[in-house]
Amino acid sequence: MTRDKEEKRRSVLFINDHADILLEILKRLDGRSLCTAACVCRLWRALATADSVWEHLCLRRIVSPPPSSPGSSVRPVVSALGGYRRLYMLCVRHLLTRLDRDPGGRWRTSSAWDELQLSLSLFCVDYYERLGGRFGDTAATSSLMFLCKPVNV
Amino acid sequence: MGPSSTSNAGTGKPPPPPRTELDGFLAGAGHKVRSSDLHHVAQRLERLESAMVSSPSHVVSDLTSDTVHYNPADLVSWVDSLLSELTHSYHHPNNSSAPTSSTSSSSRSLPVDLDDLFAIPSAANNWLQPEMPLSQPPQLTVFTTMEEDSGIRLVHALMTCAELVQRGDLHLAGTLVDEMTALLTRINTGCGIGKVAGYFIDALSRRVSGAGSAPASPHETEILYHHFYEASPYLKFAHFTANQAILEAFEGHDCVHVIDFSLMHGLQWPALIQALALRPGGPPILRLTGIGPPSPDGRDTLREIGHRLAELARSVNVRFAFRGVAASGLEDVKPWMLQVSPNEAVAVNSIMQMHKLLGPDPSPIEPVLSWIRGLNPRIVTLVEQEVNHNQTGFLDRFTEALYYYSTVFDSLEAACPVQPDKALADMYLQREICNIVCCEGAARIERHETLAQWRDRLNRSGFRPLPLGSNAFKQASMLLTLFSAEGYSVEENEGCLTLGWHSRPLIAASAWQASPLSAAIAGGDN
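Protein sequences, first through last, are from chains A and B. Here the first sequence is numbered in full-length UniProt numbering, starting from 1 and rising by one per residue. Here the second sequence is numbered in full-length UniProt numbering, starting from 1 and rising by one per residue.
FYI, nobody ran anything at the bench for these hints, they're computed from the structure. Given the structure is predicted, the values throughout are model-derived calculations rather than measurements. All clues stand as given, with none of them false.
Reference listing, derived: stretches of chain B covered by chain A, where coverage requires no fewer than 3 residues with Cβ under 8 Å from a Cβ of chain A:
id: 1; stretch: 265-278
id: 2; stretch: 313-320
id: 3; stretch: 468-478
C-beta: ideal position from N, C-alpha, C; glycine also.
Isolated chain A (complex conformation):
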């Protein structure tokens, strides 16, 4: 009887035993689902908050990055400024929603790479303003607040 039960248990797939498959699945999620996934358990949290997953999310829409700036050269810059997860949360997410809402505007001639560049620039300004806090500048508020304001439809 107990052997049957053991066999049953062994044949059921327990995803936490296969972290590599889990990672592949998480890589295909959108931002919101990824954050939800991070609340499930410690393993999921560790995997979902790893910067590589968020890097994948940010660069997903870029079909072919320019050969002069491969992902490997962008990565140290982004890590220095706070990481891909923060980049997504602060800039990329808002940029994508706003651009999606714009019905056929002229911007569509710009590529996903241009969009990432813009996000990076805004991200850099934010990092710089946070540095201001450390240097005792009391007027350091975030210039990215305009991104958080809901768009008037």
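Since the structure of chain A is provided, determine the placement of chain B on it from the hints.
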């Protein structure tokens, strides 16, 4: 209504419609009302409404079903008849609204009809209370006929006052300022024409009384600038466009030097540093020279900003050196202070600074432009307000400023996210307005000129235009979609980019390069 032919002759505007003409809009709806009777009708309608609201319901229903309306096209008498019916059946205390100080109009021979300004009864204030029976979202301005009328009258009064100032009649101008202030209490000064008019009236009163505008401390200016940066896309557009042009100009160079004419908090440079870090071929050695006002209290703000930028550059592995030049004005800067070395590519960046050099003769702009040219820069990025506030005639300047800043404030209201930012951004603009209106001679530094004028000037001084390119345009368009207000537009103008609100360009960005020396010497006055 409106100012007389005196001001019209001066500015060449078409004369206002004659008083007995029918109002066009209402005529389209089938009601014949004279333009001069509009405020009367509005006043009566307002009383009617308050009477209907406060009357018992049976009276109102009797009124609406039993009253016979003769000739509904004649709106004036129809409203009057309704009102008399209501007040007859239910005694409602009428607001006795005697026009205030209308006796003063007869004692002067002013070209404007002053009693027009005062025919607006105090009952008009009721329109501004949000507890109206109609459901309206509180953010929308309730623009009624009354308020629009007052707004238009205020604008006309402002023009008249400006003309008086130009004529030198300061005493009369002063009285008109007082009257305008009284008129202002009847309008919503939180937004729209009321707010802009309020600032202009304040500036005029300072000019008339000779008080002038208090010069701002550099620290205050920096804070206001920062909040203006956050509240609107103008400065972001300026920075991002200039950075893109500089980035493209620095392609292929390993030693680059950027000279910033006004460092402020250095908000422009993080994005450039990051872009240089990611450029193909790796980052160059970047030197930044920031010019700024000397700090009074012993703090070396320039150096602190330099530290911050250096820290950022270090994080992204860009070799960086900073130098601060403290000068109270650009005319005090000498080229040797910048320590430009011959083998580096130089970029000169001026965001809304050059117009300060256009003062009275001897105007410092020519020497400054010539030493800039002497540095042989790869690129000079120039961003300026797209308006002419440097005319000699006060009335023309005033009119331009009124229209320009009305547009800017409109755009701010639509776009601004955070309340403290908006108030401080407003103050930033208010200082500009004050300077344009109150000050003269060397004290007036906000001498904005249009792109066409700058083009002319720079072409004559030995520069040739460098077109900004499609990358800058794409970036600017993307940046705009991030701002939730729909009215902004980026336009391309012969290789320069302008950002505007509803097709009125407000700020223009352009890039320049030194013309080859032989051409400059040979064709001295192109």
